[in-house]
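Novice: Each chain is listed here by its residues.
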Amino acid sequence: MQDRLVLKRNLVIVASSVMACLAPFVLFIYQPLLQNAFGWGVLAGAIYLPFGYTAAVGLLEAFSERMSRTYGFAYGQARGWGSLGYGVAALFTGFIFTVNPAINFFLGSALGVLCLLVQIFWKTDHVPLAPGHTEHPPAPTLREMADVLKLKGLWVVIGFVIFSWTFYNLYDNQMFPNFYAGLFENEDVGIHTYGILNSVQVFAEAGCMMLVPLIMRRVGVRNILLMGVSLMCLRILGSAVFDDPVVISCVKMLHAIEVPLFVLGIFRYLTLHFPAALSATLYMVGFEIAAQLGNVFFATPFGYIRDAIGFQSTFLVIAGVVACAGLWAFFALKKDDQDVEGDPFIRSGRSGVTGVVKTVRQ
Amino acid sequence: MAISGRLLKNGAYLQSSTTLFVFFAGWGIWWSFFAVWLEHGLGLSGGQIGTVYSVNSFTTIVALLF
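Which chain is which? The protein sequence lines are A and X, in order.
My numbering applies: residue 2 is where the first sequence begins, and numbers increase by one.
My numbering applies: residue 189 is where the second sequence begins, and numbers increase by one.
In case anyone wonders, no lab produced these hints; they're calculated from the structure.
Incorrect hints may appear among the rest.
Label pairs and their in silico Cβ distance ranges [unchecked claim]:
{"hint": "1", "chain 1": "X", "residue 1": "PHE254", "chain 2": "A", "residue 2": "SER314", "range": "28 to 34 Å"}
{"hint": "2", "chain 1": "X", "residue 1": "PHE254", "chain 2": "A", "residue 2": "MET254", "range": "35 to 41 Å"}
{"hint": "3", "chain 1": "A", "residue 1": "ILE14", "chain 2": "X", "residue 2": "LEU253", "range": "17 to 23 Å"}
{"hint": "4", "chain 1": "X", "residue 1": "VAL250", "chain 2": "A", "residue 2": "ILE14", "range": "20 to 26 Å"}
{"hint": "5", "chain 1": "X", "residue 1": "LEU253", "chain 2": "A", "residue 2": "ASP308", "range": "19 to 25 Å"}
{"hint": "6", "chain 1": "X", "residue 1": "SER233", "chain 2": "A", "residue 2": "LYS336", "range": "42 to 48 Å"}
Yeah, the Cβ is synthetic: ideal placement off N, Cα and C, and Gly gets one too.
Generate the whole structure from the sequences, applying the supplied hints.
Specialist: Quick look at the structure:
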């Protein structure tokens, strides 16, 4: 147990070191390569970023979750501070960005150094272990991940995640910020506003994380997912047809309720219709990997589609894809009382939702 | 977030919360404008930005699997 914690801690130190090197990497390697030797730039970033951020985030969350069991605190209450950190940073990001993006990268480095110092000098060895803490099941192995692919029902989840969640995030991360900044006559104002909006949305999302389990008890798991996909479609459609910044900003706030609906819905769907012992593996394969895999295939073509037909027409296409995914899900997703192989769902009962708090996903 | 006094005396909770706070702040301070930086800062096209995201997702899966 302790050995594994030590190993994980070393990996967290690696991730913090990578973060600390952000500014030199971006300014001296990534930017020049992207501008002069595009392919090499893409490759350099794709090797660098997972170790500091995109894959490291899962590691940090898992490490914190494990510490919560070892030392006896609620993981959600620690993860909440992560969302708070993201929200606070997002508030300033836009203003700094319009002065000089290099400052954003230097601040990223400084926070990486701080994270590294916390790992090295802030030991938790003296903290008493929680009474009766148990050995936590190890992370899913490749073999286990391959095995769950034999479950037919999981393919429905994978398809649904790719054609709704991946497409939505492709729209939200890759396209929406540039589209939004372009709505303002003065682009700097657009960037400032986007930063503030993003920050407000992160806080609203945290609030909705608390709210969604309550709604789920009333309407059920399947309906939560159908609500989530409807809101996705509505938001994308909204930015395809309106071009008033105020309307678009209001529509963007749908994101704050949509993310908890979808993330908590998928997690509960997996623990309801599949054996509970497999939940970590299923979540990894059916949600995290499926979402990234969809992005591998669709991010590039949709980038070219946007170049060819513009933002709003592309949004219409994406909204169409998500609408089809939602319609298909209506027929393909199991009802809450059908094929219950995990923890049964009791509507409006005491049955709680195992909460996972995730606000940052690309 | 309901934070009780007992929780604030738990050194592991404080360490873990600080780590997550700093990590996500260090990510959010630039990541929310990554696409804007690629387009307006570097002048990349939509197709090129898409390529960056595609390849990043691919290597993230590889890192997640191992």
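Novice: Which numbered hints are broken by the structure, listed smallest first?
Specialist: When the structure is compared with the hints, numbers 1 and 5 turn out to be violated.
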